[in-house]
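Q: With the sequences and hints as input, model every part of the structure.
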Amino acid sequence: MGLFLGPALLLLLLMDILPLLCSLALSFTHFNPIIDTDAAFAGLKNYSGLFTGERHEVWRSFLRTGALIVAAVGLETVLGFTLALLMRRRFRGQGWLTTALLIPMMLSPAIMGSFWRYVFNTDYGLWNWIFNVRWSWDGAQPRAFLAVLLAEVWMWTPFMMLISLAALNGIPKVLYESARVDRAGRWFRFRHITLPLAAPLVALGMVFRTVDTFKVFDTAMVLNGNFEEQPTTFVSVLLHAKAFAGSHSLGESSALAYLMLAVSVGMAAATAYALKAVREKRA
Amino acid sequence: MPGANRLIAWGSVFILLVFSGCNREAGRNGSALYILWADWEPARTLQALAEEYTRETGVEVKVVRKSWDGAFTEAAFTEFRNRDDNYDIIIGDSQWLGLGVVGGHYLELTDWMPAHIPMEDIVPQALLWYSEWPQGSRRYFAIPCQADAMGWVYRRDLFESETHRRAFAGFLEQRGIPDFPLGVPQTWEQLEWIAAYFQDKVPGMHGIAMPTSRKYDMITMSYEQLLWAFGGDFGDYRRNRATFQSPEAVEALQFFNDLLKSSSPGGRNLGFGDVTAQMLSGRVAMACNFFAFFPALVNPATNPDYYDKLGFFNAPAHVDRNGVKRRATSLGGQGMSVNAHISPARQARAKAFMQWFSSRDIQQKWALKGGISANQEVLQSPDFLTALPYNSLFEEAFGLMKDFWSTPEFGALLEVTQREICAAIQRDKAPLDAVKAIQTEHERILHERRWKL
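Those protein sequence lines, which keep their order, are chains A and B. Counting with my numbering, you get residues 83 to 365 for the letters of the first sequence. Counting with my numbering, you get residues 4 to 456 for the letters of the second sequence.
The set of hints was computed from the structure by calculation and includes no laboratory data. Just so we're clear, the structure is a prediction, and the values are computed from it rather than from any experiment. Hints may be right or wrong, so weigh each one.
[Unchecked claim] Cut-off 30 Å, straight-line C-alpha distance, at most; resulting in silico cross-link-like pairs (BS3-like, lysine-lysine):
| # | chain 1 | residue 1 | chain 2 | residue 2 |
| --- | --- | --- | --- | --- |
| 1 | B | K372 | B | K354 |
| 2 | B | K354 | B | K368 |
| 3 | B | K218 | B | K405 |
| 4 | B | K264 | A | K127 |
| 5 | B | K264 | B | K405 |
| 6 | A | K127 | B | K439 |
| 7 | B | K439 | B | K328 |
| 8 | B | K69 | A | K297 |
| 9 | B | K69 | B | K354 |
| 10 | B | K312 | B | K368 |
| 11 | B | K432 | B | K328 |
| 12 | B | K218 | A | K297 |
[Stated by the list, open to error] Just a sample of chain B residues kept apart from chain A, beta carbon distances all over 10 Å, derived:
| # | residue |
| --- | --- |
| 13 | R68 |
| 14 | E77 |
| 15 | Q138 |
| 16 | P250 |
| 17 | Q281 |
Idealized CB from N, CA, C, for every residue including glycine.
A: Quick look at the structure:
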């Protein structure tokens, strides 16, 4: 048994733990690997720089990411739950429709981003053509944020639909039958049976989506590049831009990575808490 | 059975370790010469030309092409970052010279070049911008490969149409602009009015298309022509001092913003390829791009409708309030450098190819196939001058060329410049604020530099 665990542990050590420690060390240095042969010790400057930079780019990227999380997860939940309510009923072609609705979720975000880039092209894009407008959806234009939001919602609404469908199917039918016997109306049944009983699992789905949206990178990168200070410069995009574009400052980007790690750990704790809550509710 | 399981486990690990390195080893130790370049026509031309070298020497040459949209810089910088030896020759942008030298990625060729390359045949400006770093030091790290500059293409058929000429004269009169004929613009102001005419008066047409994307150096390359023509500059390159903030820089940025009113709705975020595509569509009167992108425009196979209806010109001038006339164009093109991280045997093989490539005959073939040579004799040869409709412009273009910073921090300097110009052009940031931000950050970046030669 120990022998079989060995390669896995070795890989974990080489691919995860070691780079993590290296990046921790790097976060205390000034290091541009393209022109520097050695890293120069910088103390806590990279960490303090994250919060005191003149342009507040880090704060702004967190705010942008937060705005995306609220808007995307909110829309995905509402749309996904609505779709699940519709899909719960039996009708002809339900299986085909369910499969079709799940397709966006199965596509690679990079491929999906390329597809949306054509949809949002200012000069010959589908959106501008259908609505007969001349909107710019990229570059420094604020609408670039909306482009990423729409692409994310399109891609991940099916996930929320799936989770919601599972939650709805898990509600015992006997509760609805009893409510009907008591002459409870549709709204009453939805408000007092469907919503409270589906909520724990839907909330869990929202937590997953929140964690996932926090890391959003590929969609934004493909749609609008990895540049600093754009409406699509989310935290992961900023991290990539700092490390691999412009100044190639690995120290600064490593410090930002650790800040992200702290937030991610917080989110993981929230997920664990949500899971526990769901289990208790179910019990 | 436990024995069999153990065998499978160790076997898997062994296979994983062995095969994970296979591809790279083939690249490193094989007999082929690997050249990294951008994915564009000159690279395909070089690959075709190199077949002759393979026939002569038996050395296979592989030109590895990566997209201008980021993959090219990413591949080169990953090579630099890892001090890797995947490529024998790197055809890097002129702006990379500083980081290639200071980072120790480019092999110094100061002693080798005069002995093996016909230095006296090369245009002096090409040596200055593509080979020498720091400029003026007489230290060489590359041979000129693809000389290039930004130029303009226009729809000659429209410019020569009597209907448009009359309508243009009426357009100028209507707006109270001093009359000038519809033709190759002599000044940026004339170019702006011609663009405005096509934008406003010709249905379905746009006035201009220029690279304006945030990607790589695109919008900076377009703007800097105006900056220099208006009398501004980025800085004193030899003393590493930023001198960007000036009324001229602000005026040039404001002019650039106004000029783009005559572009398509997406004209404020176009890449090099998008500019070509707009010209191919026949819906743009004038377009600015690097000459190396023009072959697709004059090729009947790729531009069947307009390939013979195009004219070309170099960047126009600007006359300032004191009557001083200035013209400049953005330097493009790349030098060919030997990767310093490869073995001495591979370095010798790379140098042999570069020596072959620089010879007069091969330079002539290179130029006739569509490459742009820095060899003076080739540039002046009748064959070259008549091979493509824009070839006669190069001699003048060499005299107008200027470049962005090529210090090791060029990436950080460029990122700031791209960001602020894009903010001014795409998001209506006040030009003065954008110029101030560039100056402040350029000063900081240059002040914080830690390298020494």
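Q: Next step is simple, just say for each hint if it's right about the structure.
A: Now for the hints, and whether the structure bears them out:
no., hint, in the structure
1, B/K372 to B/K354, "22 Å, holds"
2, B/K354 to B/K368, "19 Å, holds"
3, B/K218 to B/K405, "20 Å, holds"
4, B/K264 to A/K127, "43 Å, violated"
5, B/K264 to B/K405, "26 Å, holds"
6, A/K127 to B/K439, "25 Å, holds"
7, B/K439 to B/K328, "26 Å, holds"
8, B/K69 to A/K297, "27 Å, holds"
9, B/K69 to B/K354, "23 Å, holds"
10, B/K312 to B/K368, "26 Å, holds"
11, B/K432 to B/K328, "29 Å, holds"
12, B/K218 to A/K297, "23 Å, holds"
13, R68, "20 Å, holds"
14, E77, "7 Å, violated"
15, Q138, "18 Å, holds"
16, P250, "24 Å, holds"
17, Q281, "8 Å, violated"
Comparing the model with each earlier hint shows violations of hints 4, 14 and 17; every other hint is respected.
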